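Engineer: Below are the chains, spelled out letter by letter.
2 protein chains.
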Amino acid sequence: MVGMDDVYAVILAGGGGERFWPFSTARLPKQFLTLFGPRSLLTETVERVRSLVPVERLLVVAGARHAPLIRRHIPDLPRGNLLQEPAGRDTAAAIGLASVVVERRHPDPVMLVFPADHAIADIRGFRRTMRRAVAVLRRHDALVTVGVRPTRPETGYGYILAGEPMVGAPGVRRVRRFLEKPSRTRAVRLARDPRCTWNAGIFAWRNRTIQRRFAALMPELWGRLCRIRDAWGRRNGGGVLAREFARMAKISVDYGILEKSPDVVVVPAAFPWDDLGSWSALERVLRPDRTGNVVVGEHVGIESADCVIYGTEKPIRTLGLKGFIVVDGPDGILVCPKARAQEVKRLRQAPVRRRR
Amino acid sequence: MVGMDDVYAVILAGGGGERFWPFSTARLPKQFLTLFGPRSLLTETVERVRSLVPVERLLVVAGARHAPLIRRHIPDLPRGNLLQEPAGRDTAAAIGLASVVVERRHPDPVMLVFPADHAIADIRGFRRTMRRAVAVLRRHDALVTVGVRPTRPETGYGYILAGEPMVGAPGVRRVRRFLEKPSRTRAVRLARDPRCTWNAGIFAWRNRTIQRRFAALMPELWGRLCRIRDAWGRRNGGGVLAREFARMAKISVDYGILEKSPDVVVVPAAFPWDDLGSWSALERVLRPDRTGNVVVGEHVGIESADCVIYGTEKPIRTLGLKGFIVVDGPDGILVCPKARAQEVKRLRQAPVRRRR
Chain A
22 MVGMDDVYAV ILAGGGGERF WPFSTARLPK QFLTLFGPRS LLTETVERVR
72 SLVPVERLLV VAGARHAPLI RRHIPDLPRG NLLQEPAGRD TAAAIGLASV
122 VVERRHPDPV MLVFPADHAI ADIRGFRRTM RRAVAVLRRH DALVTVGVRP
172 TRPETGYGYI LAGEPMVGAP GVRRVRRFLE KPSRTRAVRL ARDPRCTWNA
222 GIFAWRNRTI QRRFAALMPE LWGRLCRIRD AWGRRNGGGV LAREFARMAK
272 ISVDYGILEK SPDVVVVPAA FPWDDLGSWS ALERVLRPDR TGNVVVGEHV
322 GIESADCVIY GTEKPIRTLG LKGFIVVDGP DGILVCPKAR AQEVKRLRQA
372 PVRRRR
Chain B
22 MVGMDDVYAV ILAGGGGERF WPFSTARLPK QFLTLFGPRS LLTETVERVR
72 SLVPVERLLV VAGARHAPLI RRHIPDLPRG NLLQEPAGRD TAAAIGLASV
122 VVERRHPDPV MLVFPADHAI ADIRGFRRTM RRAVAVLRRH DALVTVGVRP
172 TRPETGYGYI LAGEPMVGAP GVRRVRRFLE KPSRTRAVRL ARDPRCTWNA
222 GIFAWRNRTI QRRFAALMPE LWGRLCRIRD AWGRRNGGGV LAREFARMAK
272 ISVDYGILEK SPDVVVVPAA FPWDDLGSWS ALERVLRPDR TGNVVVGEHV
322 GIESADCVIY GTEKPIRTLG LKGFIVVDGP DGILVCPKAR AQEVKRLRQA
372 PVRRRR
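Protein chains in written order, with our numbering: chain A, 22 to 377; chain B, 22 to 377.
Simulated from the structure, these hints should not be mistaken for lab results. You may find that some hints are simply not true.
Unchecked claim - Coverage of chain B stretches by chain A, computed from C-beta distances (three or more under 8 Å per stretch; other residues unrestricted):
id, segment
1, 296-307
2, 355-369
To be verified - In silico EDC-like cross-links for lysine to aspartate or glutamate, where the CA-CA straight-line distance does not exceed 16 Å:
id, chain 1, residue 1, chain 2, residue 2
3, B, 359, A, 201
4, A, 335, B, 319
5, A, 366, B, 324
6, B, 335, A, 296
7, A, 335, B, 334
8, B, 359, B, 304
9, A, 359, B, 324
10, A, 202, A, 280
11, B, 366, A, 324
12, B, 202, B, 364
13, B, 335, A, 324
14, B, 335, B, 352
15, A, 202, A, 334
16, B, 335, B, 319
17, B, 343, B, 327
18, B, 202, B, 185
19, A, 343, A, 324
20, A, 281, A, 201
21, B, 343, B, 304
Please read all numbers here as calculations on a predicted model, not as lab measurements. In this text, a Cβ means the ideal position worked out from N, Cα and C, and glycines have one as well.
Produce the complete structure using the sequences and hints provided.
Structural biologist: Right under this line is the structure:
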């Protein structure tokens, strides 16, 4: 059994997308919603992670405006374990912040990183996978990613192309390349390729290792992180954090570090996973009825099939509607073809027309 | 100038359709709604008709359950001028009821009949047309219909095929045939045919003439009407009305009388007209924007065109939606292709699916 006493977990809860509009908004992002079951995605993520580490070694990085929401979702999270981003600066900055805070608590812990808003149904498979990732780190100084076996040619995900196997760690392989959101044709090929897995955004590394990478590959960002670390807990700590964070590059850890590092390995996920990237994910999480419709709420349909119908306030009636998403939420009503669910966030910028 | 002192007007306000669901319902039919402008269709109809006859000679036939609504829409309607149908029995029964009530007030008046829920923008053209219909009746004992010049090959309307012109009444012609809801191909031909007009459901006749037709063509219904007339105003009047009305055939005056009468004439309408039969009518009443969308409320659209978007409670956002109707109303949300707007009433009977 692998030791977990020096393991810290970081949940990245800073996402603020609008792809689940009219439910998710900048004010209330997806991780806080209970669209898919009785508990929010954040609550489910926290429960999963707490099966690995106690809450004292769990850090949550989130936007400062969402701090009250985080406290409501995780009431017993120690105050100092909520790291408030003054502004959204993508995952490199968020992970870097967690890294310098963890450094003050332990000389060289193992750090696990988890997105707050994905769906993982099999908690035992999840624990097995993460313990395996930690076991790899006990023998190799690597950056560990978790790769999910593709079940469809998804064009919205990033793919990991694995290379040679690691000696002494069956199933674990070195990463040869990261492939971001492929074309349809390429996705079909990648999904069939046994060397390819989906990048779940779940990582594991020793804290010193990731810090060395920050210093080498993102020196400017690392300089700012060091200034934040040195001022942390001091009188001017908040001011330094705000100033330095605002100036950080908005870059993902995948792009800023992983894609440029030689020692990245991929551990196969022993669990099904979904990033719940858009409303069309609902048909993978809930079960479609005989007509292929996924319905939450009350629906009356004639010749309506393969739709996602979501509305809990009042009935939705559709006639001759095939392959569409219809959502009634607190902030409005959405109608779009399922195939274009990824583009829902574009609607935020579109001009408003008003009549009467 | 034609005399109007013996003219009675009857507004048929008994319709109870659901084609404007989620606004119109059996509880609140279309004629009471303000979907198309600041005033209800009934209010507009009453104003038009009052430009022809005083309110004392205006009768309104409506479902008993809607009596309070009628009184709110026409506060100064004399109490005895609201004829309450115990049940919906289509236009032959409604007109017959008005006929026997009018008979008690005047030995042989002219009766004008109007649907309560159509759109007629040109009130002067309307008055001119109706005065002309009355003028025809001063010289000929006929059943007068009003025919509207078609502006499109509408398949949802009834058509009137005119025959030879009436001597001494320019533009007025004898009716050769009524043609109900034609096929698409036939509608294209009819709309082009100068002899064809739309049947607007507006009629004029002497009361004795229509009663003779009832007696000859619908003798059973006429018998019931006579029993209602004889009991009218007596202690058992309500009971007789309820009993006889419930047993009447559900037949339109067009089908029960006009199509079988030899002396029907058609006066051309000097006004544009729309029966507002479904949500797609909105694009004829309101002006589409540059993208062809007709919007009431707040709409954000990307690649959305030729839609009818109606929602005043919260914003509606659409992406890649072409030729659809989206309506957010008090009783629910409707989504269907514009071309199938006529079928919305079918949704009432469809099974409800509920989840979570």
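Engineer: Work down the list of hints and note, for each, if the structure agrees.
Structural biologist: Here's how the hints hold up against the structure:
1. Requiring three or more residues with a Cβ within less than 8 Å of a Cβ of chain A, the coverage given for the segment 296-307 of chain B is violated, as only 1 such residues are present.
2. Coverage of a stretch by a chain is defined here by at least three residues with a beta carbon nearer than 8 Å to that chain's beta carbons; for the segment 355-369 of chain B and chain A the count is 9, and the condition holds.
3. For the hint linking residue 359 of chain B to residue 201 of chain A, the alpha-carbon distance of about 40 Å lies beyond 16 Å, and the restraint is violated.
4. This hinted pair does not check out: residue 335 of chain A and residue 319 of chain B have alpha carbons roughly 19 Å apart, beyond 16 Å.
5. Taken as a hint, the residue 366 of chain A and residue 324 of chain B pair is honoured in the structure, with Cα atoms around 14 Å apart against an allowance of 16 Å.
6. The straight-line distance between the Cα atoms of residue 335 of chain B and residue 296 of chain A is roughly 29 Å, outside the 16 Å bound, and the hint therefore fails.
7. For a cut-off of 16 Å, the pair hint linking residue 335 of chain A to residue 334 of chain B stands: about 13 Å separates their Cα positions.
8. Proximity of residue 359 of chain B to residue 304 of chain B is assessed by CA-CA distance (about 10 Å); at most 16 Å being required, the pair is judged to hold.
9. Restraint check for residue 359 of chain A and residue 324 of chain B: satisfied, since their Cα atoms lie roughly 15 Å apart, inside the 16 Å limit.
10. Taken as a hint, the residue 202 of chain A and residue 280 of chain A pair is honoured in the structure, with Cα atoms around 14 Å apart against an allowance of 16 Å.
11. Of the supplied pair hints, the one linking residue 366 of chain B and residue 324 of chain A holds, its CA atoms being roughly 14 Å apart against a limit of 16 Å.
12. With a CA separation close to 14 Å, the supplied pair residue 202 of chain B and residue 364 of chain B stays within the 16 Å bound.
13. Note on residue 335 of chain B and residue 324 of chain A: the hinted pairing is violated, with a Cα-Cα distance of about 27 Å set against a maximum of 16 Å.
14. With a CA separation close to 14 Å, the supplied pair residue 335 of chain B and residue 352 of chain B stays within the 16 Å bound.
15. Among the hinted pairs, residue 202 of chain A with residue 334 of chain A is inconsistent with the structure: their alpha-carbon atoms are about 35 Å apart, more than 16 Å.
16. Using a Cα cut-off of 16 Å, the hinted pair residue 335 of chain B and residue 319 of chain B holds, with the two alpha carbons roughly 7 Å apart.
17. Between the alpha carbons of residue 343 of chain B and residue 327 of chain B the distance comes to roughly 6 Å, so the proposed pair stays at or under 16 Å and holds.
18. Taking the CA atoms of residue 202 of chain B and residue 185 of chain B, the gap is about 23 Å. The hint is violated against a cut of 16 Å.
19. Between residue 343 of chain A and residue 324 of chain A the alpha-carbon distance is near 8 Å, which keeps this suggested pair within the 16 Å criterion.
20. For the proposed pair residue 281 of chain A and residue 201 of chain A, the alpha carbon gap of about 14 Å is at most 16 Å, so the pair holds.
21. A threshold of 16 Å between alpha carbons decides the hint, and for residue 343 of chain B with residue 304 of chain B the separation of about 14 Å falls inside it, so the pair holds.
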